[in-house]
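From first to last, the protein sequence lines are chains A and B. In terms of full-length UniProt numbering, the first sequence is residues 1 to 113. In terms of full-length UniProt numbering, the second sequence is residues 1 to 630.
Careful, some of the hints might be misleading.
[To be verified] Calculated Cβ distances over 10 Å to all of chain B for the following chain A residues:
no.	residue
1	Arg19
2	Arg20
3	Ser22
4	Val30
5	Ile31
6	Met36
7	Thr54
8	Pro58
9	Ile60
10	Ile66
11	Gln67
12	Met78
13	Ala106
14	Ile111
[Said to hold, decoys possible] Computed list of chain B residues with no C-beta within reach of chain A, every gap over 12 Å:
no.	residue
15	Leu20
16	Leu79
17	Trp138
18	Arg190
19	Pro211
20	Gly235
21	Asn237
22	Ala308
23	Val362
24	Leu442
25	Gln456
26	Leu481
27	Ile564
28	His576
29	Ile593
30	Val600
[Stated by the list, open to error] Just the calculated beta-carbon pair ranges, DEER-fashion:
no.	chain 1	residue 1	chain 2	residue 2	range
31	B	Thr309	A	Pro58	20 to 28 Å
32	A	Gln25	B	Trp337	56 to 64 Å
33	A	Phe44	B	Gly150	43 to 51 Å
34	B	Gly11	A	Phe101	52 to 60 Å
35	A	Val47	B	Met234	25 to 33 Å
36	B	Gly444	A	Pro58	44 to 52 Å
37	A	Phe92	B	Val323	22 to 30 Å
Derived by calculation from the structure, the hints in this document are not laboratory data. For each residue, glycine too, the CB sits at the ideal point set by N, CA and C.
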Amino acid sequence: MSHDTEIQGRSQSQYEFDRRKSAVQMRKQVINFAIMIFLTFVAFATVVADFAPTFIKPVILLLAGIQVVLQLYSFMHMDDKHAPFIGVISTFVWVGAVIAFTFFLAFNTIIWW
Amino acid sequence: MSSVAVTKKKGVGAVIWDYLTTVDHKKLAVLYLFSGLLFFAIAGFEALLMRIQLMFPNSDFISAGTFNELLTMHGTTMLFLAATPLLFGFMNMVVPLQIGARDVAFPFLNSLGFWLFFLGATFLHLSFFMGGAPDAGWTSYASLSLYSPGHGIDFYVLGLQISGAGTLISGINFIVTIITMRAPGMTFMRMPLFTWTSLISSTLILFAFPPLTVGLFLMLVDRMFDANFFDHTMGGNTIIWEHLFWIFGHPEVYILVLPAFGLFSEIIPVFARKRLFGYSSMVFATILIGFLGFMVWAHHMFTTGLGATANAIFAVATMAIAVPTGMKVFNWILTIWGGSIKVTVPMIYALGFIPSFVAGGVTGVMQATAPLDYQLHDSYFIVAHFHYVIVGGIVTAIFASFHFYWPLFFNRAMSEKLGYWTFWIFFIGFHLTFFVQHFLGLMGMPRRVFTYMEGQGWDLFNFISSIGAIMMAIGVVLMVLNMLLSIKSEPLNCRDYWGDGRSLEWALKTPIPFYNFKQTPLVRGFDPYWIEKQEGNPEGMTYAEPLGDVHMPNNSILPLIMSIGLFVAAFGALYHPDGESWSVPVMVIGLGITVLAMIVRSVKDDLGYHLHAEEIIEIENELYGKGGNK
Ligand code: HEM
Ligand SMILES: [Cu+2]
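For reference, chain B alone in the conformation it holds in the complex:
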């Protein structure tokens, strides 16, 4: 456990065991990052297959059934299992450092959240090998999914239920961390914007995931135990699923885009070398977006026949969100305005993000116009809209942050040169792919079709779109290559890699020791590291306490065991409707494992351990040479 061994070589087994049991927010961040990247690659590959199928009319590269599976898994994976964990990775890494904490509030739950997500995601992906993936779209509308043969939808329901529990746990953990673990002097209105957006995004998780859980649960009993919540022939109502899904689903898109906004709000001031313009209006806009995000879900259902009154009210509410979003865009532009701009890879992503995201916002407002949406709904126009906000907003933020935060994660830097290549190939590919889809939509091409007839004027644009998709794939491959190449580069062993860092995370020297701060910092204003630099403080921070013993949590394998229990139980539940005799015992065993692990956790006191001041000095000497973290 203790620590002197930080830099000493460990065996492979020991390293793997360390990651399986870790409760350190930085290691969990790495796990989130790599598993998110894995699922990003899988879902990207699925998209590529779909685009190859659609490249030419009347193509038979893949069958209609397979296309539906790829389509469903692409959307589900990208939103729940790629974007969410990648953003959680950055939140885990950066938020505790930004607020001057040694870890999150509940390190054990942090680990539990990760393993639930990972095993839920694995469960969902096993569907490909066990009789077919879900095929009713990422929205899984009940009128379609209830009648889907095979176990695909059951995999969707159970897998999302498990990984959703993980997301909910992590969200709660972040809320508590940000509220209770801030260093002295870090008032709410001094928190960096990424911490703010993480807080609001976690709050949205807290309020939005329960409706999804309820919806999935109703779907589960409908499919497995012949209940009739969504079956209109038995007095149910299929629209209820749509409401539950979108009451969750619209906030979900903001859960993803708010941290992305936060990441850009960190990147832009660093490279404009200027304080973030309009900080308090940024905070206000974040809160307002989060709140309004709950008031607009029916804009996904304009065509279900809600009636003119409901459509009008939800249309106006939706358009209202464009106002705080516009505030943010202007603040970013005004931050850059008049700054002494340094163009780097993260910055160029930020510069590409602003116009792309605005384009997505504009099409959003067009769709919010209910009468027009009767024309646009379920056409490729919608596909273009949400990819403009999701790829142009979220994926660019994630790629920019790979470059931006790589030194904090791995004490290495990614290549700038390769980074520019990646950016241009990916960015041009992105616009090629999705810009023409606006016109395909206006020409009447419906979304979610596996092929189309020639001679409708769609051929050229579909071809262009597929070329763009191939370019995006090349961009992603280059990105991964860049990451792998960074392994061979020299360790940085420095603080403030970009030279213009402003918030606390840049005040730490990399590699960051597992206890983060040897002494808790004292925050004396907004952009604390910037303040200390201005005053010529070589240590980068003022301390709030003398060097003393530090209390740290113990590692634990229990979160993994709890998650494995649910994973096992899910197989029992899945095969139960088939009348398999082993289904109930498997459910009992699985839940038994989970409950047993929970009992062990509750009964066995685990108070953590103390790291003594002398040990800290020893570790710092070993990491940074004599004189420690100076």
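The shape of chain A in the complex, shown without the other chains:
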């Protein structure tokens, strides 16, 4: 049953395996964190450098999009292929993204042009 609350002891090899996995996870998260800080820095830099708004706006939006995907896949564990129902979760997230993007597109192209 999914509600069971037994506590299982871990074997030595399980412990070492978990440890190695966590170390890999940790490294990945630190790298992603660095990338995200860098992207934020770039976003600010385009503004400070006083580029044309027609350049700044799409660039910032693009960077924001990348940040969201990074956030979802690395910090919110959507990259974990063995997590239960990960396929369903990805489907929901991406369908939601497509729907939201359609609103954005519709408003920008045919409604408030």
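Given chain A, work out where chain B with the ligands should sit, using these hints.
Positioned in the frame of chain A, the structure of chain B with the ligands alone reads:
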């Protein structure tokens, strides 16, 4: 807590306490059913008053202001507080049984969802006694509602915010339940269609309610704290409300109609005694309708001046929805075709549903033609359209399911004879009321008017329409009477009341014990109960596990306390703009109650309890006599 007392008599107080604290999906289903019915009756009464006012020209039965209040409360209540909970009632009752689960994924949240809905609804209805109900229509367009005096609109905003949170919570709960709690062998493509439509409808709730929440929140700060999101004189834009509302509002109509489709997809195969025709195309059509439902919201705004490009694109997108809907209609007809049809009350509702709903779909496509909509918009034609889809589609599904699922709910059956009377009176009344409204619309009668002058050729049709409304009211009264009479009938104590059940819920003997399945079933194909019956299995299911201990959740009063906290806080928020000195303390106290209850819930571990195999055997013996659930 434990259980041997299932059939023993309990005191009234104990029963009430049991329902206030319950986390059992079947009891919550009963609560949803009765509160939905209550609000259905209230909103129906409001409609009756409006129709009496409109029966004759220049009538002064009710005043213009009261008419606006009745109109607004009728629409808001019917959609948010009657149709939604009634469908949630059936979803709660049937979905866990259909997928072979012992409860929903989050029983505590299930209860929280109900109490939020109920107290939000109560809050909204208190407006009648506290200085006037909302009066800007169920759509509450900002250009009207921002300038509505009194607190009516504030009741609307706060009440819907609270009950909307409940709906969102329940929707998420159903998604998780259907995805994670299916019995072994119940693959996605073996799920009964009602489970499928509940899943897609819950997904629409997940994506559609946040825009409403945002819109209501902006309206709240506009009205209470003098923000200017929708005020064009201050640089706001009143059209933003319309977009937010309809980005929610169009999916909302599909949130309601998809479960109704699902209910008919359960009823029709049972009484045609034939497998549902085109199962996979039904699933595909459901998903497609859900997806396209998000792409068409601007068809409610053709006349706001979006421009020809936007109108054309949204018109075509809207018409596209008719394709998957048509697929479904053909599948139902082909299921009935060549079947060995048994006409019963649920089936006759299904037979009445198909042409009525198609009529509503056809007028929908007419309205989707943007140039024509300039003529039809805001006329009685629109009223006729949406009542054809909502009454002809959703209400018939709900009435059919009362009859169809009554044995599962209460171990009693409703009278077939009275059921036919109800059907014919209601069904004829429905067509009388709304068919002529198409022509009223084409003759130019605007919707949402409290009276009209004589001599415009509208008198006769309005009179006919009001007669129809009275017939519908009689139908509803007979329906309720039928329910009450069923209390006195003999308990059924049987499985498969209709004799031709196909999915798992019919494999259970009524009354259903609170843990549903003593052993988790193994699903061996689509229509599992039908398969077992074909093979002569007297127990109706193959088990996936030996009889063992069952883990069950504990009851809790916390969901009710959390909801009461928000209910109290809403009064503080409501009177805050009046400068009442007590408004802020009341808000703080209310939110404090909610937060405290949340803290208690988080800090106190509640792991549920185990029901032992011996206790299960004892309960089954007590419910079904020696030998248990054989
Ligand atoms: C083939 C399917 C459908 C099409 C093409 C369609 C099209 C439309 C259009 C274009 C309008 C706007 C008319 C106007 O205000 O000028 C409308 C209004 C409406 N429709 Fe439909 N519709 C369809 C199905 C449904 C269904 C299934 C429901 C509900 C279950 C529904 C409920 C409504 C409601 C409530 C309104 C009026 C909203 C208001 O202004 O208060 N429709 N429909
Ligand atoms: Cu619509």
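Status of each hint after checking the structure:
1. Arg19: Holds, since 28 Å exceeds 10 Å.
2. Arg20: holds (29 Å)
3. Ser22: Holds, because the least Cβ-Cβ distance between Ser22(A) and chain B comes to about 26 Å, which exceeds 10 Å.
4. Val30: Fine: 30 Å to the nearest Cβ keeps Val30(A) off the interface.
5. Ile31: Per Cβ check, Ile31(A) is outside 10 Å of chain B; nearest 32 Å; holds.
6. Met36: Non-interface label stands for Met36(A): nearest chain B Cβ at 25 Å, farther than 10 Å.
7. Thr54: holds (23 Å)
8. Pro58: With a cut-off of 10 Å, Pro58(A) remains clear of chain B, as the shortest Cβ separation is near 23 Å.
9. Ile60: holds (22 Å)
10. Ile66: holds (23 Å)
11. Gln67: At about 21 Å from chain B, Gln67(A) clears the 10 Å cut-off, so the statement holds.
12. Met78: holds (16 Å)
13. Ala106: violated (8 Å)
14. Ile111: At about 5 Å from chain B, Ile111(A) fails to clear the 10 Å cut-off, so the statement is violated.
15. Leu20: holds (23 Å)
16. Leu79: holds (22 Å)
17. Trp138: holds (22 Å)
18. Arg190: holds (16 Å)
19. Pro211: Label violated. Min Cβ-Cβ 9 Å, cutoff 12 Å.
20. Gly235: holds (15 Å)
21. Asn237: violated (9 Å)
22. Ala308: violated (10 Å)
23. Val362: Per Cβ check, Val362(B) is outside 12 Å of chain A; nearest 26 Å; holds.
24. Leu442: holds (30 Å)
25. Gln456: holds (37 Å)
26. Leu481: For Leu481(B), whose nearest Cβ neighbour in chain A is about 42 Å away, the distance exceeds 12 Å, so it holds.
27. Ile564: holds (28 Å)
28. His576: holds (32 Å)
29. Ile593: Its Cβ never comes within 12 Å of chain A, the nearest being 29 Å, so this holds.
30. Val600: Holds, since 20 Å exceeds 12 Å.
31. Thr309(B) with Pro58(A): 20 to 28 Å: holds (23 Å)
32. Gln25(A) with Trp337(B): 56 to 64 Å: holds (57 Å)
33. Phe44(A) with Gly150(B): 43 to 51 Å: holds (48 Å)
34. Gly11(B) with Phe101(A): 52 to 60 Å: Holds, since Gly11(B) and Phe101(A) (Cβ atoms, about 57 Å apart) stay within the stated range.
35. Val47(A) with Met234(B): 25 to 33 Å: holds (28 Å)
36. Gly444(B) with Pro58(A): 44 to 52 Å: Hint holds: Cβ distance 49 Å, inside 44 to 52 Å.
37. Phe92(A) with Val323(B): 22 to 30 Å: The hint (22 to 30 Å, Cβ to Cβ) holds, given that Phe92(A) and Val323(B) are roughly 24 Å apart.
This entry does not satisfy hints 13, 14, 19, 21, 22, going by the numbered hints stated previously.
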